[in-house]
Amino acid sequence: MARAATLPRLTWQSATLTQVRRESSTASTLRLDVAGWPGHRAGQHVDVRLTAADGYTAVRPYSLASAAGSGLVEITVATTPGGEVSTYLVNDAVAGNHVEVRGPLGSWFVWDVSDPDPVQLVAGGSGVVPLMSMLRTHGSAGHPAPMRLLYSVSDPEQVLYADEVEQLAHAATVLHTRHSPPGTARPPGRVTPAEVEEHTLPATSRPSVFVCGPTGFVEAMLTVLTGLGHDPERIRAERYGERSSP
Amino acid sequence: MTSSGTQPLVSEGFSGRMRVQDPALPPGQHLVDRFPVMSAGPTPVVHRRAWELTVTTPSGRQTPWDFAGLTRLPVEDVVADLHCVTRWSRSGTRWRGVPVEALLREVDDAGARYVMAHSYGGYTTNVPLEDLLDGRAWLVFDHEDEPLSAEHGGPVRLLVPHLYLWKSAKWVNGLTLMSHDAPGFWESLGYHLYGDPWREQRHSRD
Chain A
1 MARAATLPRL TWQSATLTQV RRESSTASTL RLDVAGWPGH RAGQHVDVRL TAADGYTAVR
61 PYSLASAAGS GLVEITVATT PGGEVSTYLV NDAVAGNHVE VRGPLGSWFV WDVSDPDPVQ
121 LVAGGSGVVP LMSMLRTHGS AGHPAPMRLL YSVSDPEQVL YADEVEQLAH AATVLHTRHS
181 PPGTARPPGR VTPAEVEEHT LPATSRPSVF VCGPTGFVEA MLTVLTGLGH DPERIRAERY
241 GERSSP
Chain B
1001 MTSSGTQPLV SEGFSGRMRV QDPALPPGQH LVDRFPVMSA GPTPVVHRRA WELTVTTPSG
1061 RQTPWDFAGL TRLPVEDVVA DLHCVTRWSR SGTRWRGVPV EALLREVDDA GARYVMAHSY
1121 GGYTTNVPLE DLLDGRAWLV FDHEDEPLSA EHGGPVRLLV PHLYLWKSAK WVNGLTLMSH
1181 DAPGFWESLG YHLYGDPWRE QRHSRD
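Listed in order, the protein sequences are those of chains A and B. Quick note: the first sequence uses our numbering, first residue 1, plus one each step. Quick note: the second sequence uses our numbering, first residue 1001, plus one each step.
The following label-pair restraints were derived from C-beta to C-beta distances:
id : chain 1 : residue 1 : chain 2 : residue 2 : range
1  : A       : T11       : B       : A1024     : 25 to 31 angstroms
2  : A       : P188      : B       : R1048     : 37 to 43 angstroms
3  : A       : E164      : B       : R1061     : 55 to 61 angstroms
Negatives, chain A to chain B, calculated, CB over 10 angstroms:
id : residue
4  : R21
5  : G39
6  : T79
7  : D112
8  : S114
9  : D115
10 : P118
11 : E166
12 : H170
13 : L175
14 : R186
15 : E195
16 : E197
Derived by calculation from the structure, the hints in this document are not laboratory data. Backbone N, C-alpha and C define an ideal beta-carbon position, used for all residues, glycine too.
Given these sequences and hints, build the entire structure.
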């Protein structure tokens, strides 16, 4: 693999948390200062390693949320029940703390500004994180092709990047599964096939499609999307909770 | 700024909760209770009656298999620990299937050293031939006493539990014997050509 061979060996880099922002009651965005960060592609992730004082270590992968080319290294972490790494990063870590990172990693679930095609993003819960990197990359590049987001989330308080999603206006649709915001006509519930059809780019426009979320959600969305005529070859999926690459 | 292995950087305030280091677990892995689904795209749905698999020799000779033919081979029950490169492991998963060597017994494998597994949906992964022999790899069709579901690779998937799980191709429909190694899908995208969890061969740059 000539391409891989030209890349440096993967090593752990020390990183300092320079900013911790609360995104919701269960998720935080952490900005990392990584010396010599080579830049990343939208959709990539990093491995994060924590080391306790007695030498115990734990490693988990987290999606990058910051735009490619921004120079920023930001991950958004949602707590998982009993998750030793996520609980620390979301609830305990403060600016000035240290972690180690390895990456960026992954070259499948990625979007580059060189892709001229329309893009449909479909997120379930915190599956929105790598898709937000794509949206930010798309936005800061002033990319001419449409990029749309369909975002399924349990309730309004769990919406990540709420301000940015709102600014996307008609390019983003947020549907709530458990509690709808007051004053909305749609009762909370799972995203229906008719809603997918209504709120996504038509298959005839041949968009690149990225789907990320919990397994059940992703499986349901993939069935709907292929049923609407999207070419399976143009759909990339990342099942969630655990990383899906591979 | 590369951290040295002898002087790890401590994350202030981190103590860790999963303190038990299971010796049955490869380095960098943690146990999960459920079975996450890992795939690069949509799940192909293939009925057992429609399932076909082709074994191709280095000289190009092809042997077709169908589900009935597969299950006429000696069926084995397998208990295996699974190790996903995304760092989760499951222990004691139960499978029923046929050892890969049973399908290769009658074919001419002269010159073959590697195998490319092919799947419905276009997925591929490469495995050395010897890793598929001697009771170390199976074509499985039942999981926990139930027919293997599509999302976990049914009707038939490859099971190579001593390698990272991406080598255990879901929806397998072809085994192509090769004289030389070649990267499959994830291997072309930077994952390790061999993928031994005990040596943490995750990426080609590891």
